[in-house]
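J.: One letter stands for each residue in the lines below.
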Amino acid sequence: MSMTLAEKILARASGRSRVAPDEIVVADIDLAMSHENADLVRKAFLEIGVPRVWDPEKIVIIFDHRIPAESEKTAATHKAVREFVQQQGIRHFYDVGRGGICHQVLAENGHVKPGMVVVGTDSHTTTHGAFGAFATGIGATEMAGVWVEGKLWFKVPSTIRIEVEGEFAPWVSAKDLILWIIGRLGAAGADYRAVEFDGPAVRRMSAASRMVLCNLSMEMGAKTAFTPVAEIGPDPEAEYERVLRVNLDYEIPEPQIACPHSVDNVKPLSELGDVPVHQAVLGSCTNGRLEDLEVAARILAGRRVHPHTRLIVIPASQRVYLDAIRLGYVQTLIESGAIINPPGCGPCVGVHQGILAAGEVCISSTNRNFIGRMGSKDSYVYLASPAVVAASAVAGRIVHPEVVMAKEHAHV
Amino acid sequence: MSDVPFVLRGRVAAVLGANIDTDVIYPGRYLNITDRDKTAEHLFELAYPEIRQKLRPGDFLVAGPNFGCGSSREQAAAALKYSGCGAVIAASFARIFYRNAINLGLPAIVSASAAGECREGDELEIDLAAGEIRNLSRRITLAAAPLDPRAIELLRAGGLIPYLKAKYAAAPAAG
Ligand code: SF4
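As they're listed, the protein sequences go chains B and D.
When you line the first sequence up against the numbering used here, it's residues 2 to 413, in that order.
When you line the second sequence up against the numbering used here, it's residues 88 to 262, in that order.
If you're looking for bench data, these hints aren't it; they were derived computationally from the structure.
These figures come from a predicted structure and were not determined experimentally.
Some hints here could point you the wrong way.
To be verified - Think about it this way: if two alpha-carbon atoms lie no more than 30 Å apart in a straight line, the pair counts; the simulated DSSO-like pairs of lysine-lysine are: (1) B:LYS80 to B:LYS44; (2) B:LYS80 to D:LYS125; (3) D:LYS125 to B:LYS74; (4) B:LYS44 to D:LYS254; (5) D:LYS252 to B:LYS74; (6) B:LYS44 to D:LYS125; (7) B:LYS114 to B:LYS156; (8) D:LYS252 to B:LYS156.
To be verified - Below, a sample of chain D positions facing chain B; criterion: calculated Cβ distance under 8 Å: (9) GLY115; (10) ARG116; (11) ALA134.
Where a beta carbon is used, it is the ideal one built from N, C-alpha and C, also for glycine.
Construct the complete structure from the given sequences, taking the supplied hints into account.
T.: Given below as structure tokens:
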């Protein structure tokens, strides 16, 4: 029988020859990832009272949300997790300065393989579908159950297939594509479902861009999302709940912006009007990778960040940071007036390193613009591609990169 | 076990709209609070601080579609539970929130019509196994999705932690 990729992976992991949507299966977990909320997991695990985790080799813990510790409270939770990791013999632990954002670190260290079932105590765990894994977010208590049993129940999702053809217009990228799709399907448009991206435009994308598609699929509720890999794929006759075809040439000729306060409030840039920005943020598990820093450096080379705007750049990992230094992007960005934060989540989750005041507006390459997400409940977050973030930092308002590139040495 | 009636009775503390995200339910700045019972202090703190005042033990929260979307933070479900919320009724739930709620022993009930047919202050009776909500104040019965037997088992145990605790205390060598 023909199966979608999600069905295939869940069938394998639950020891069945075939599964269909809405069936409940109990699947073996291949990889269980947590960040600082490993402390919540740890507490639940200790309450259950089983002495050892099921398999320390399959657990990965990465500090990223509050690094280095921004408060005594966080320092204490970090310390508790470090001790637990030691005591349980969990080798795959990335402490402050050893990794970066969990999803980037998991990917760049080769933890994820095609066909795996990956769970993480982070909603953007869907990112790892870019490597052919069934990857999904779970809560801390449920993770404690995984640490005990190494298994978890899933309802087999139905699948939405999205086929993309055509060419990206200049300065338009994977971020614009996925924002456009979320705008079309809505914040609950893929709730409980798997998403398969395919088509010539997706197959031409870099791994980093594919990660953007799978990462942001979470913002339309997806349980998991995939881009094609060589090792495993859906059967040709697989049944889909829905097939969506997108042509980049006709449908996404310009950058897309998610306006406050929901990720599905998406408008083409030209419909935005005049939006001055106080802060621009380039980073996160969505868009803090080398290709994102490269496009920003290209736009900022020889230009200055607008006097009324501050630009915060956060490389997604130590490795991305080093590569960006080696390639000269970091110098270009600093010379333009940007501040570089250490690799981690930084202001994306609104706890430190770039909080917004009431009334402030931020253009951000991150993935959420909910009320109060990046600071004051009266601040406003617009989500955009790295190119639009960099250009807007120069212009001091949300602009198309071509506006900035047309002007030589603005604000020097 | 699931044929045993499992009936909750309480009052509607608030009726909310669509896409209530977990940043709104529990702001990210308090995520380093890892004692579940302390999370209640920050429930809806930025967007709807009045809800915390209104919630009395056993009260229900009613909402539109996609309740609990966004972050996987379990503190969102914990803050509701430890504020005394007896159940959340929504047109639909984001999947991680739904699982978190059941795992923490907080009933989450899917009912397409509840947000339209319930007002603040209404008295409700919820039959979890049958999938029925009786609005006693308005004398109407609303359809709800019956809870999965697995979810009922977890709720009866008080959540996943006590459930697993009992399971492994009974069979320490298992797993
Ligand atoms: S960068 Fe933002 S969205 Fe990504 S894991 Fe960190 S806090 Fe979550």
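J.: Between LYS80 of chain B and LYS44 of chain B, is the straight-line Cα distance small enough, at 30 Å or below?
T.: Holds, at roughly 13 Å.
J.: ARG116 of chain D was flagged as interface toward chain B. Is the shortest Cβ-Cβ separation under 8 Å?
T.: 5 Å, holds
J.: So, as I understand it, the hint says GLY115 of chain D touches chain B; can you test that by seeing if any CB pair is closer than 8 Å?
T.: 4 Å, holds
J.: Hinted pair, alpha-carbon criterion (30 Å max): LYS114 of chain B, LYS156 of chain B. Please report holds or violated.
T.: Distance ~22 Å between LYS114 of chain B and LYS156 of chain B Cα, so the pair holds.
J.: Against the 30 Å threshold, does the CA-CA distance of LYS252 of chain D and LYS156 of chain B hold or violate the hint?
T.: 24 Å, holds
J.: Verify the proposed pairing of LYS252 of chain D with LYS74 of chain B, using a straight-line Cα cut of 30 Å.
T.: 28 Å, holds
J.: Compare the distance between the alpha carbons of LYS125 of chain D and LYS74 of chain B with 30 Å, and conclude whether the hinted pair is satisfied.
T.: 13 Å, holds
J.: Mind checking the alpha carbons of LYS44 of chain B and LYS125 of chain D for me, to see if they're no more than 30 Å apart?
T.: Satisfied, since the Cα-Cα distance of roughly 14 Å is no more than 30 Å.
J.: Given ALA134 of chain D as an interface hint, is the shortest Cβ-Cβ distance to chain B below 8 Å?
T.: Holds: closest Cβ of chain B sits about 5 Å from ALA134 of chain D, inside 8 Å.
J.: Are LYS44 of chain B and LYS254 of chain D close enough, with their CA atoms no more than 30 Å apart?
T.: 18 Å, holds
J.: Next pair to validate is LYS80 of chain B with LYS125 of chain D; report whether the Cα-Cα distance is within 30 Å.
T.: 20 Å, holds
Every hint from the earlier list agrees with this structure, and none is contradicted.
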